[in-house]
Each structure stands twice: as structure tokens, then as C-alpha cells.
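Q: Following the hints, complete the assembly by docking chain L onto the known chain C.
Protein sequence lines correspond, in order, to chains C and L.
Residues in the first sequence are numbered from 1 upward in steps of one, following the working numbering.
Residues in the second sequence are numbered from 232 upward in steps of one, following the working numbering.
Honestly, the hints are just simulated from the structure, not real lab data.
All C-beta atoms in this analysis are idealised placements derived from N, C-alpha and C, irrespective of residue type, glycine included.
Possibly wrong hints are sitting among the right ones.
[What the hints assert, rightly or not] With a straight-line cut-off of 30 Å between C-alpha atoms, the simulated DSS-like cross-links for lysine-lysine are: (1) C:K122 to C:K40; (2) L:K398 to L:K362; (3) C:K122 to L:K398; (4) C:K122 to L:K362.
[To be verified] Output of the computed footprint for chain C on chain L, the stretches with three or more beta carbons under 8 Å from beta carbons of chain C: (5) 291 to 297; (6) 309 to 316; (7) 324 to 335.
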Amino acid sequence: MLDLSPDEWIAIRLSLRIAVVATLVALPFGIATAWLLARKSFWGKTLLDGLVHLPLVLPPVVTGYLLLISFGRRGPIGALLADHLGIVFSFRWTGAALASGVMGFPLMVRPIRLAIEAIDRKLEEAAATLGANRIWVFATVTLPLALPGLIAGIVLCFAKALGEFGATITFVANIPGETQTISAAIYTFTQVPNGDAAAGRLVLVAIAISLAALVAAEALSRRAGMRFHGE
Amino acid sequence: MLAVEIEKRLGDFTLSARFESAGGITAVFGPSGAGKTTLVNAIAGLIAPDRGRIAIDGTVLFDSERRINLPPHRREIGYIFQEGRLFPHLSVSHNLDYGRRMRGLPADAKQLERIVGLLDIGHLLERRPGKLSGGERQRVAIGRALLARPRLLLLDEPLASLDAARKREILPYLERMRDEVGVPMVYVSHQAAELRRIATSVVRLEAGRVAAAGGIDLLDPADVDAALRTQ
Chain C
1 MLDLSPDEWI
11 AIRLSLRIAV
21 VATLVALPFG
31 IATAWLLARK
41 SFWGKTLLDG
51 LVHLPLVLPP
61 VVTGYLLLIS
71 FGRRGPIGAL
81 LADHLGIVFS
91 FRWTGAALAS
101 GVMGFPLMVR
111 PIRLAIEAID
121 RKLEEAAATL
131 GANRIWVFAT
141 VTLPLALPGL
151 IAGIVLCFAK
161 ALGEFGATIT
171 FVANIPGETQ
181 TISAAIYTFT
191 QVPNGDAAAG
201 RLVLVAIAIS
211 LAALVAAEAL
221 SRRAGMRFHG
231 E
Chain L
232 MLAVEIEKRL
242 GDFTLSARFE
252 SAGGITAVFG
262 PSGAGKTTLV
272 NAIAGLIAPD
282 RGRIAIDGTV
292 LFDSERRINL
302 PPHRREIGYI
312 FQEGRLFPHL
322 SVSHNLDYGR
332 RMRGLPADAK
342 QLERIVGLLD
352 IGHLLERRPG
362 KLSGGERQRV
372 AIGRALLARP
382 RLLLLDEPLA
392 SLDAARKREI
402 LPYLERMRDE
412 VGVPMVYVSH
422 QAAELRRIAT
432 SVVRLEAGRV
442 AAAGGIDLLD
452 PADVDAALRT
462 Q
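Extracted from the complex, chain C is given alone in its bound form (with noise of 0.2 Å):
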């Protein structure tokens, strides 16, 4: 059907790579940081609300600037990083999920929030009047009632890791097997000559991919939904 290249077949593995991994790394961290945002009050609540929002609201340059001066080879955290865990982003695939990590986190925290907010915290106190602990009535109770939110901010970090663009090129640039995700190899293939077929195959794999994420959630929240409501 579409006839792609072996480059081409390299970007689609290497951007899937790179939205999942950068999913899944984000999730717990999107967890946590939904659940302080939607249960507790602490000194500093409105600048981590912020900070988390940030991503959504400034120039994806700017964010893909910021990641380069503080996660890069001779940045703070990045030289960090580097000399002690041996982790290395810049011009790597990982500063890539790095980056699509960092503009899809909003993304997942919101509705896994809204989702926390939602639960009836009764609910809650009768786990815990059953013998529950704290860390079992989350683990029993809030995570489960909040699956349609999970599963709605999964899909949304999915989709932007998977077609984010400024902060990626930014931050590791545009390297063919190691950074140039689809988003990326049809910006370059806009810039030759001649680029318009192997531009146009990828963009229809975007979309066939994002839409296959939007079924799939669909499917999975009404799943999730139907079993809150009957059997």
C-alpha cells in the first residue's frame, strides 16, 4: 500500500520509540503530581501548577532552549546526569523522549487530576474502615476510579511526544536514526526537492497512528466507564 523507505521506516520506529518511552517515564511522575495538585495544599501549590503548564504555553523553542541549556552535555543537571548515571541527552534519541515528555506533561496531569478530583472521598474512608492503608486505598480505590482520566492523559502525552516538533529539533536537533522523528523527517523532506511523495507518505502514518490512539482510548475509557455501571 504505501511503499516507505528504509529511512522512512526509521523515523516511524524511532518517533513510536520515543513518544512511548516518554510516556511512560512521565506517567508516574504525572500521577504524583496530579494527585498533590488535586488533594493537597502546601506552600508553593500555584508555581508547580504553573510550572507544569508552562510547556503548553510557551514557544516550544523556548522549552527546547531551556532543556538544552539544563539537561545538555555541559548543562547543570545534564553534566550531572552524565558523570554520575551515565545518562546523556543531547543529540540522543532520550533527549528527544526528554523533550516530548516535557511538552506532553501538562497534557496527562490534567485530566488524571480532574479524574482525582472527581472521586468521592468517602469512598476512600471506607477502604480505610475496612483495614486499608493509605497506600493500598490508592492503589485500590483512587487509581481505579481514576482510569478514564489515566487512560485520557496517556493518550494525550502519547500524541503530542509523538508529533512534537520545536522543543525535539531545539534540544537534539534533526539527526536521521537518532533524533528525526517523523515530525522531523517531514520537515525535511518539505525542504528538498522533490521530497513531496516520501512528505506525503508520512504525514498519512502520522495521522493513521493518531487516530488508531484515539480509537483505542475511546474504546478502553468506555470500557473502563461500563464496568463503574453495570457488568
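A: Chain L in isolation, oriented as in the chain C frame:
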């Protein structure tokens, strides 16, 4: 034996209650706003009194002087709420099993069979709470609390959300529980008729204070009128 002596201020309202209960069903009786729910919430550990002491059979659950305040999950007190509060994402059988699993107790098929039989809920086990009638839901809630093997059972207006027919449906089950299970209970209600059928002793609460404590003769119509007049 349950011994309660607590003080709790909530805005303009102050609950200052002292009573002891030797077992059976202790009715906490009084008009709405008398502090009945606050009292049982304090016993369950869902709210902390400002001052005082709560103990069951020599186990201190709360003591402001000794700075003891056991969290709800370590009190081994069952709580049956007015609205049931079944977990909507779990089937009836998982709801019933929840307390046993959280307390790490071994599976006890005999006890399960006995309680399920006592409450006639065997045909509901595979359903989800969303598919139950109000009366069925409350019977499952009673079973769920009992199967966690509590040393005390709190019932907060367990029939208040049911219509007259459903009330008549549940009352016999509560009587059976009293006669066959032998867990001491604290039963909150403002319905004298309901309490007269099942209570063994009465604590009458008015405006946050224990107005009288004693036998079920405290539920006599004349006294009820007097209780309502002072409200």
C-alpha cells in the same frame, strides 16, 4: 466493651460525649444535628477529637493525653454508612472480600458462606454495585463490614436512604446479625421505631451532649417528644 469520652469542636457546634457500652446494640439516638455522625466518625477514626479517650476492651484507640490516635485502618471497626459506599469498580464478591484481603486474613469459605446466607446475597455475587437495588446494596455493605471481622460495628442511619418497604426488608437481617453474629454494634438513628426493634441499650444525644443513657425505655414516645422539643 466500648468506652468513649470525647470532646470535638466543629465551628459553633461542640460535641461533648461520654458513654460506655457493654455489647449488644447500643442505639445512639437523637434529632438530626445532635452530633451522632460526628460521634461515630470519631470512634471510627475518620475525625480526631480535640480531647478525650476512646477504648475497646482495653485497647486504646484514641487518647489525647497519651497522644494516641490509631488510624482508621488499624482500628478493626466496621462502618456501615447511610449510602452503602460500595466500591463501584468491584463486583459484589470482591467488595465482600475487600476487608479480609486488606487485613491479610486467610480466606474463610465457611464464614463467607454463613454471612452471604444470613444476608441472602448469594445471587448477587457476580454483579456490580451499580446494578443493585438500594436494599441489596445495603445488605452487601453489611456483609462487607462483617467479613472484615471487626470487633465493633458502627451503623450510621443504615436505613435512612431506603423507603418503608426496603426498611422492612433490612430490619430482619439486622436482628439476625445481632442474634447470630455477636459483634457489638453502635447504631445511629433518629427513628425510635427502628431502634426499639433492635437496640439493647440507648444513648440519647441532644445538641452535642449525652442527655440520657440506659435501657430502651428511653425510646418511649413521651421521651421522644421531649427530645424533639428541646431541639
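Q: Could you run down the list of hints and mark each one as holding or not?
A: Against the structure, the hints come out as follows:
no.	hint	result
1	C:K122 to C:K40	holds, 17 Å
2	L:K398 to L:K362	holds, 19 Å
3	C:K122 to L:K398	holds, 23 Å
4	C:K122 to L:K362	holds, 20 Å
5	291 to 297	violated (count 0)
6	309 to 316	holds (count 5)
7	324 to 335	holds (count 4)
The structure shown violates just one earlier hint, number 5.
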